[in-house]
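*Asks:* If you're matching them up, the sequences are chains A and B in order. One point on numbering: in numbering that gives the first Met the number 0, the residue at position 121 of the first sequence is 120, and numbering is uninterrupted. One point on numbering: in numbering that gives the first Met the number 0, the residue at position 55 of the second sequence is 54, and numbering is uninterrupted.
Hints were generated in silico from the structure; no laboratory data involved. Bear in mind the structure is a predicted one, so any value in this text is a computation, not a measurement. Please note: incorrect hints may appear among the correct ones.
[As the list claims (entries may be wrong)] Partial chain A-side listing against chain B, Cβ under 8 Å, derived:
no., residue
1, Ala15
2, Phe71
3, Glu106
4, Val132
5, Pro134
6, His135
7, Leu137
8, Ala157
9, His166
10, Gly179
11, Glu184
12, Val187
13, Leu188
14, Tyr201
15, Val227
[What the hints assert, rightly or not] List time: in silico DSBU-like cross-link candidates among lysine-lysine, alpha-carbon distance up to 30 Å:
no., chain 1, residue 1, chain 2, residue 2
16, B, Lys233, A, Lys233
17, A, Lys74, A, Lys41
18, B, Lys74, A, Lys74
19, A, Lys41, B, Lys41
20, B, Lys41, A, Lys74
21, B, Lys74, B, Lys41
Glycine is no exception: its CB is placed at the ideal position from the N, C-alpha and C atoms.
Protein chains: 2
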Amino acid sequence: MTPEPSAVPGSPAWWASQAPAPAYRRGRPPVDVGRIVDMALKLVDEVGVQALTLRMLADALDSGTATLYRHFAGKDELLAHVADRVLGEVPVPTEVPDGLSWREAVERGADAFYRTVRRHPNVLPLLVAQVPVGPHGLVNRERTLSLLLGYGFPVELAARALTAIGHYVIGFAIQQHGPGAPRPEDEVLLRDYYRSLDPATYPATTAAADDLTGVPLEEEFRFGLGLVLDGLEKARP
Amino acid sequence: MTPEPSAVPGSPAWWASQAPAPAYRRGRPPVDVGRIVDMALKLVDEVGVQALTLRMLADALDSGTATLYRHFAGKDELLAHVADRVLGEVPVPTEVPDGLSWREAVERGADAFYRTVRRHPNVLPLLVAQVPVGPHGLVNRERTLSLLLGYGFPVELAARALTAIGHYVIGFAIQQHGPGAPRPEDEVLLRDYYRSLDPATYPATTAAADDLTGVPLEEEFRFGLGLVLDGLEKARP
DNA sequence: ACCTGAACACCGTTCAAGT
DNA sequence: ACCTGAACACCGTTCAAGT
Chain A
0 MTPEPSAVPG SPAWWASQAP APAYRRGRPP VDVGRIVDMA LKLVDEVGVQ
50 ALTLRMLADA LDSGTATLYR HFAGKDELLA HVADRVLGEV PVPTEVPDGL
100 SWREAVERGA DAFYRTVRRH PNVLPLLVAQ VPVGPHGLVN RERTLSLLLG
150 YGFPVELAAR ALTAIGHYVI GFAIQQHGPG APRPEDEVLL RDYYRSLDPA
200 TYPATTAAAD DLTGVPLEEE FRFGLGLVLD GLEKARP
Chain B
0 MTPEPSAVPG SPAWWASQAP APAYRRGRPP VDVGRIVDMA LKLVDEVGVQ
50 ALTLRMLADA LDSGTATLYR HFAGKDELLA HVADRVLGEV PVPTEVPDGL
100 SWREAVERGA DAFYRTVRRH PNVLPLLVAQ VPVGPHGLVN RERTLSLLLG
150 YGFPVELAAR ALTAIGHYVI GFAIQQHGPG APRPEDEVLL RDYYRSLDPA
200 TYPATTAAAD DLTGVPLEEE FRFGLGLVLD GLEKARP
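Make the full structure from the sequences, and use the hints.
*Replies:* Here it is, written out as structure tokens:
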């Protein structure tokens with residue numbers, strides 16, 4: 000009945016096996032988990048997940064790679080903590096805000112989530128890879144669900160709304176801001192690329208070139224979110 | 000005026016620099032690009048992007064890693080072709096289908112896209128990483144845009160609808176089917192995990208445990224897609 | 001002219017030896 | 001009892017030597 004040792008880092012079984020406060024560490028270790036995760040996030044923000052090296056991280060902490068393995072089973076596990084660390088930055092209200100309609104409150108929540116992940120675009124591949132069930136992910140889910148329930152959503156609709164909106168925000172963010180997305184200065188290149196296509200073969204794409212690129216991202220984000228909220232409005236009892 | 004040599008594989012500039020039919024290869028090489036990409040896709044389907052090794056791929060092709068570099072500049076470039084290869088499997092209608100409302104046609108298109116990427120869950124991280132502007136991605140975008148235009152969508156709305164729906168499908172698929180998503184047999188574990196949380200701390204999550212897990216995925220997919228389409232219906236002139 | 005064995009630099013991970 | 005230098009196996013990539 001030992002906890003599954005091969006649980007995938009980031010999976011529910013794995014998070015469940017993680018001690019909330021690692022009791023095996025006594026005294027004040029020279030590097031603690033929080034410092035490692037903070038520094039890892041800083042480096043991921045700078046160079047990306049791929050380019051982050053455990054040696055690089057260890058050097059930045061004035062330590063060695065072997066030391067990291069005293070706190071984390073491996074790179075994947077470390078990255079799962081980095082992802083949850085970012086979710087901890089999302090400001091999720093703890094109670095139903097006064098004088099806001101459900102729609103305004105949900106819009107505000109989705110917006111706060113979006114703005115947080117935009118600050119950490121290189122972390123997006125980690126967030127998209129799995130359903131976030133780390134400590135901060137759980138708290139955020141709980142607060143958002145009870146917000147919806149507080150607005151009178153039936154449990155089932157609240158659950159589905161949460162999934163739909165979460166998917167929308169993450170899906171939008173990674174495709175617009177993730178590593179590999181066109182950088183702002185490349186947007187004009189993408190437009191030129193669409194324009195340079197043969198209009199005989201690509202009539203619609205060349206005609207829509209200006210609408211497919213260069214649209215202010217906030218606006219595009221709000222447009223798609225608005226579609227989802229329109230749909231939810233219709234689904235509400 | 001040489002083509003940017005450091006263009007990121009998969010980016011517009013990079014695809015633009017790719018010759019449609021590599022003219023530098025004369026005669027019949029023992030391994031051609033198509034065979035490499037097909038085999039790479041097969042291996043990615045089996046073991047995932049991370050675990051795919053160029054040595055593994057070379058062995059499967061009875062070749063050596065150095066040979067692969069005669070056809071691709073590196074692993075990233077190879078993977079960009081794998082991603083576009085999958086987009087080539089999506090059946091996108093070439094003209095407005097008879098007797099279908101725009102909503103039915105769009106629903107059908109999103110569904111076809113969803114079913115294709117579900118067959119290649121390990122490829123999802125590649126699709127999500129960048130706006131797909133490879134040859135097949137371009138053709139799919141063109142056909143879908145002209146479908147919407149054919150139904151009378153204004154150009155701008157068509158472009159935004161395409162982006163919103165594309166984001167929804169990919170975002171949903173990677174979070175439900177991508178590597179790291181709970182496997183079907185783990186769904187019950189995720190439910191037990193939610194249920195096992197302290198109801199005092201997580202009242203909403205424990206109450207919604209059954210609605211957050213085990214929902215048939217087709218149904219959940221259609222629900223969220225329906226929301227977007229409801230919104231589009233409202234936005235149509 | 002095209003292919004490739006063998007090497008290179010470097011990665012994640014481990015462990016015996018330090019303090 | 002805790003930390004870590006140094007090594008290990010293996011990765012993506014390169015190039016000189018083959019045919």
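*Asks:* So which of those numbered hints doesn't the model satisfy?
*Replies:* 2, 3, 5, 6, 11, 12 and 19
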